[in-house]
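Here is what each chain is made of, one letter per residue.
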Amino acid sequence: MTELEFNELSVTLKGRTLLDRVTLRIARGDFVALIGPNGAGKTTLLKAALALRAPSSGSVQLASTPVAALDARRRAALIAWLPQHIRAEEPLTGLESVAAARYRFHESHAQSKRAAERALERLGASGYANRRVTELSGGERQRVAFACLLAQEAEILLFDEPANHLDPGQQLDVYRLLGELWREGRSVLCINHDVNLLHQVGDATRVRVVGLRAGRVMFDAPFDAPDLPEHMGRLFGVEMDSVQGSEQRFIMPRTRSKP
Amino acid sequence: MRARTLSILVSCVLLLLAAVLVGPRLEGAQGQFIIWQLRVPRVLVGMLVGATLALVGAVFQALFQNPLATSDTVGTTAGATVGALFALALDSSRTVQGLPLVTVCAFVGALAGSLLVASFASSRSAHSSDVLLAGIAVTLATSALASGIQYISDSRALFAATQWSLGQLPQVGYRGVLLLAPLCALSCALLVLLTRSLQAFALGEDLAHSQGVNVPRLRLFALGLGSLGVATCVAWCGPIAFVGLVVPHLVRRVLGSSYRVLLPMSLFVGAALLVTCDAFARLIVPGRELPVGIVTAALGAPTLVFLVARGRR
Chain A
1 MTELEFNELS VTLKGRTLLD RVTLRIARGD FVALIGPNGA GKTTLLKAAL
51 ALRAPSSGSV QLASTPVAAL DARRRAALIA WLPQHIRAEE PLTGLESVAA
101 ARYRFHESHA QSKRAAERAL ERLGASGYAN RRVTELSGGE RQRVAFACLL
151 AQEAEILLFD EPANHLDPGQ QLDVYRLLGE LWREGRSVLC INHDVNLLHQ
201 VGDATRVRVV GLRAGRVMFD APFDAPDLPE HMGRLFGVEM DSVQGSEQRF
251 IMPRTRSKP
Chain B
1 MRARTLSILV SCVLLLLAAV LVGPRLEGAQ GQFIIWQLRV PRVLVGMLVG
51 ATLALVGAVF QALFQNPLAT SDTVGTTAGA TVGALFALAL DSSRTVQGLP
101 LVTVCAFVGA LAGSLLVASF ASSRSAHSSD VLLAGIAVTL ATSALASGIQ
151 YISDSRALFA ATQWSLGQLP QVGYRGVLLL APLCALSCAL LVLLTRSLQA
201 FALGEDLAHS QGVNVPRLRL FALGLGSLGV ATCVAWCGPI AFVGLVVPHL
251 VRRVLGSSYR VLLPMSLFVG AALLVTCDAF ARLIVPGREL PVGIVTAALG
301 APTLVFLVAR GRR
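Residue numbers (my numbering), protein chains in the order written: chain A, 1 to 259; chain B, 1 to 313.
Mixed in with the good hints, there may be bad ones.
[To be verified] If you want the footprint, here are the derived chain B segments under chain A, 3+ residues with CB under 8 Å: (1) 61-74; (2) 194-204; (3) 250-259.
[Said to hold, decoys possible] For the chain A half of the interface with chain B, some residues (derived, Cβ under 8 Å), not all of them: (4) A69; (5) A72; (6) A88.
[To be verified] Derived CB-CB ranges, DEER-like: (7) A:S59 to B:A309: 31 to 39 Å; (8) B:I136 to A:R176: 31 to 39 Å; (9) B:V10 to A:D194: 27 to 35 Å; (10) B:S129 to A:N130: 24 to 32 Å; (11) B:M1 to A:N38: 40 to 48 Å; (12) A:N7 to B:H127: 24 to 32 Å; (13) A:G39 to B:V96: 55 to 63 Å; (14) B:A301 to A:H85: 53 to 61 Å; (15) B:L133 to A:N130: 31 to 39 Å; (16) A:P226 to B:M1: 55 to 63 Å.
Think of the hints as simulated: they come from the structure by calculation, not from any bench.
The beta-carbon is built from N, C-alpha and C at its ideal position, and this holds for glycine as well.
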């Protein structure tokens with residue numbers, strides 16, 4: 001049972017508090033959408049889960065072990081990450097980039113390549129296999145990075161705004177794929193700016209929405225909770241409208257809240 | 001791609017052979033002596049040094065994710081220079097255990113310079129760009145030290161220092177080859193083993209970390225092994241400019257960036273390039289030899305500009 005647990009986690013950087021006593025548990029099979037204003041500490045939380053940010057107090061536990069104490073390959077088997085920005089300075093091909101993400105496996109290059117081909121295919125990105133990542137657009141590069149995450153075959157998946165850079169059709173595709181991966185038994189922690197996309201994941205009663213502001217958890221509610229719009233309104237400082245569509249409820253900002 | 005790789009390999013071998021054969025007509029026993037006792041070992045030294053410098057350049061560029069990173073930017077060359085100048089200021093003819101004092105001091109200096117930077121790199125929180133900055137800081141500090149030594153040296157030591165700093169392939173015979181070969185080979189062989197983790201670095205250091213690469217350890221390994229190889233080369237030949245910088249870019253341009261190709265091919269192209277430049281250095285001014293460092297710099301700088309200009313399009 002692999003669980004990701006933040007216990008009273010605080011992270012400070014140069015005197016600034018990025019996370020303030022965050023306690024959050026992502027159990028096996030959980031889907032957690034993380035929302036919050038810019039600078040709330042969402043990305044920092046993901047980085048802390050990857051041991052890229054050290055706690056100043058509290059802890060991050062992965063499989064009941066402090067994440068920084070895990071062997072790097074072992075950690076990579078448990079948790080994978082799709083960052084928001086992907087740098088591509090080296091003109092590697094898409095296939096080589098994804099094959100490189102198989103680092104944690106002790107296997108031949110031919111095996112890595114086959115796994116990479118499968119991952120690209122699942123993303124509908126086979127066309128990028130022989131193109132250089134430096135020549136891909138932001139959205140295309142994002143899909144190659146997503147294929148990297150798939151190829152890593154980890155149990156817990158972290159996404160940092162996976163719909164960024166994507167057109168509306170692809171945004172729906174990405175969230176549907178997130179749902180598929182979740183139903184296959186993986187746990188998901190996903191930074192999200194448009195909760196309405198979460199309908200694509202399916203099984204809305206089991207999706208949790210966690211609001212983060214100024215490094216603190218403000219709420220942790222099911223996606224279908226009736227008071228979610230109010231929670232979100234307070235989180236972002238806006239008045240939210242809740243609109244019933246043909247199949248689903250849409251939550252949208254109407255105006256700024258009066259101070 | 002395979003055909004291209006093969007044709008480059010064949011050209012490298014041809015260039016190496018040509019480098020042994022070109023030169024004034026040689027006949028008789030004296031000719032045999034010049035070819036077998038002077039040229040062949042010199043070509044061998046050139047191959048070892050060229051291959052090592054080029055490979056380390058490719059590895060450092062990958063490690064620091066910076067196209068300008070070479071052994072010159074992480075304190076290795078600067079440390080060697082201080083060591084060599086120190087030895088030359090003392091007495092250029094002295095030897096230690098049969099090795100020239102200059103070589104020993106340059107080697108120690110190179111390792112010391114790299115060690116300073118590597119100690120910084122091993123810290124968990126350091127990012128690659130910080131390490132590169134540390135390297136540049138060490139380089140600047142040591143060049144101040146080098147200027148200081150030059151300021152108090154006499155004119156003969158100054159001349160020797162200038163000669164040394166141009167970089168040349170020395171006439172060290174087979175004994176020199178035997179001294180160079182094990183350290184260069186060790187450093188190169190182990191560096192090539194890092195291919196897989198360097199490949200993961202290509203989409204960013206943090207992503208590589210999340211994929212299971214132990215970043216501080218990789219950095220220490222690569223820095224340590226690279227510095228060992230380069231320190232060996234610089235100790236014998238002085239700082240030879242541009243090979244470590246240009247060769248990886250050249251290979252990358254023709255064959256792409258997969259480190260599975262880039263690293264081994266940098267070895268071959270680096271060897272061929274330095275030996276060819278050295279042949280030029282022997283022949284270009286009749287009756288005199290130029291330091292090979294002048295030739296590599298003269299050819300390397302325009303090549304780099306050309307590559308960058310073409311890459312922009």
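Do the hints match the structure? See the list:
no.: 1; hint: 61-74; verdict: holds (count 3)
no.: 2; hint: 194-204; verdict: holds (count 7)
no.: 3; hint: 250-259; verdict: holds (count 4)
no.: 4; hint: A69; verdict: violated (12 Å)
no.: 5; hint: A72; verdict: holds (4 Å)
no.: 6; hint: A88; verdict: holds (6 Å)
no.: 7; hint: A:S59 to B:A309: 31 to 39 Å; verdict: violated (52 Å)
no.: 8; hint: B:I136 to A:R176: 31 to 39 Å; verdict: violated (48 Å)
no.: 9; hint: B:V10 to A:D194: 27 to 35 Å; verdict: violated (57 Å)
no.: 10; hint: B:S129 to A:N130: 24 to 32 Å; verdict: holds (31 Å)
no.: 11; hint: B:M1 to A:N38: 40 to 48 Å; verdict: holds (44 Å)
no.: 12; hint: A:N7 to B:H127: 24 to 32 Å; verdict: holds (27 Å)
no.: 13; hint: A:G39 to B:V96: 55 to 63 Å; verdict: holds (60 Å)
no.: 14; hint: B:A301 to A:H85: 53 to 61 Å; verdict: violated (33 Å)
no.: 15; hint: B:L133 to A:N130: 31 to 39 Å; verdict: holds (36 Å)
no.: 16; hint: A:P226 to B:M1: 55 to 63 Å; verdict: holds (60 Å)
When the structure is compared with the earlier hints, violations turn up for hints 4, 7, 8, 9, 14 and for no others.
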